[in-house]
Amino acid sequence: MSAPLLELRALRKAFGPRELFGIPRLALEAGGAYVLVGPNGSGKTTLMRILAGLDRDARGRLFFRGEGVDIADYPERLRRSIVYVHQHPYLFHTSLRHNLEYGLKCRRVPDAERARRVEEAIAWAGLQGQVATPPAKLSGGERQRAALARARALQPELLLLDEPTSNLDREGRAQTLALLAQLRDERRAVVVACHDQEVIGLEGFAHLGLEHGGITRQSG
Amino acid sequence: MDLLEPTHQAFRLLFAGDPELLRIIWLSLWVSVAAIALVAAPSIGLGFLLAKKRFPGQRSVVVLVQALLSFPTVVIGLVLYLLLSRRGPLGSLELLFTPWAIMIGYMVIAFPILVVFTISAVQGADPRVYETARCLGAGPLKASLTTLWEVRFGILAAVVNGFGRAISEVGMAIMVGGNIAGLTRNIPTAIALETTKGDFAQGIALGLVLMVVALGVNVALAALQGEGGLK
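Note that the protein sequences, when read in sequence, are chains W and Z. Note that my numbering has the first sequence beginning at 5, numbered continuously upward. Note that my numbering has the second sequence beginning at -7, numbered continuously upward.
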């Protein structure tokens, strides 16, 4: 049996004397789609940030394809495999195209391949008419879709999406939900932290419950 | 006092392309631009580090740099004079009473302005900028440069402010430059001299140039900022 894509062992996160959560083991499979649910303050965002290497102030070990590291020593190479998207994604104040190219340039993707992926990302997110629009002038839904497309264009092995439908209007939510379903169908490993019942109800997403200081259920 | 006649004379000097006047203007411009160009990168880099990194003594360094902002420039001139004078530790370089001495002084004056403005700009940056860059695969240096680019209007304001302080500095420039005609006489030292001599025409002409430079630099900054600078 092959190792999970990502596995956390003996994870403990505390703020001073208060322990936020302790997770003995959590495994995410390659190509798996997960919804991380839990009440406000349970630590969903913190867990996502730990997985993305943005919060190294936690104890425990992380195994990626069977290779283990301490969370405090989060390796740079994992940043090429795991991409996190903030609840309110930040788009650089340049152009939509530059935003989509940014991570591809960081990965030294050749020009022709980069152009192809950018065009594909624009089409995937339905932003064909917005390429020249400054990101600050995009609607909330367009910004969210642009951020999803920017992350997806990097072809990461694991996508971490923090509340991708929060603060979106009905149309923006519907479009984002459609993109989440596409990510699931593409068999791209994705974890979506959310409260949104429509996301929680998406078919094919396994449920991870984070409450009472630990993962209380893993189903699906 | 009749202000009209010296003002007319000032415009005549400017439009006639008076060589002495042009030499003074050129010296002021190149020394100020060169000083800012040389001091900008290290100052902005230090400002970024002080804003983003935590290390022992960091607070003390910030307080020291902030204190430098309020140092009288004549004191900076005095210290530089003592350092550069023939019997000073840097006397062998023979920089005193040369444009290089004025340039060093400008760099010292602009340094805390650039550092403090950069700290303020970077601390005001959205923390998601750096994190987003890192999540998209940028290394620490690239993510830092991306953060600086996102706050570029604040950084540009720092550069403009530093340039403005440098090009209008009098006391230090007289002390280490000596206000030598044709060699170290720049716009503010010339204005001071001509005013004491009662030759207001050249003073007014140079004052007009200084104001045009200040206005031009700020208009350029506003144009670069566009809507982005107003968010």
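Treat each hint with caution, since some may be false.
What the hints assert, rightly or not - Some chain Z residues close to chain W (C-beta under 7 angstroms, calculated; not the full set): (1) L6; (2) Q58; (3) A59; (4) V67; (5) E86; (6) E123; (7) C127; (8) A130.
For the record, the hints were derived by calculation from the structure and aren't laboratory data. Even glycine gets a Cβ: it sits at the ideal position worked out from N, Cα and C.
Evaluation of the provided hints:
{"no.": "1", "hint": "L6", "verdict": "violated (40 angstroms)"}
{"no.": "2", "hint": "Q58", "verdict": "violated (28 angstroms)"}
{"no.": "3", "hint": "A59", "verdict": "violated (33 angstroms)"}
{"no.": "4", "hint": "V67", "verdict": "violated (40 angstroms)"}
{"no.": "5", "hint": "E86", "verdict": "violated (48 angstroms)"}
{"no.": "6", "hint": "E123", "verdict": "holds (6 angstroms)"}
{"no.": "7", "hint": "C127", "verdict": "holds (5 angstroms)"}
{"no.": "8", "hint": "A130", "verdict": "holds (5 angstroms)"}
Hint violations for this structure: numbers 1, 2, 3, 4 and 5, all remaining hints satisfied.
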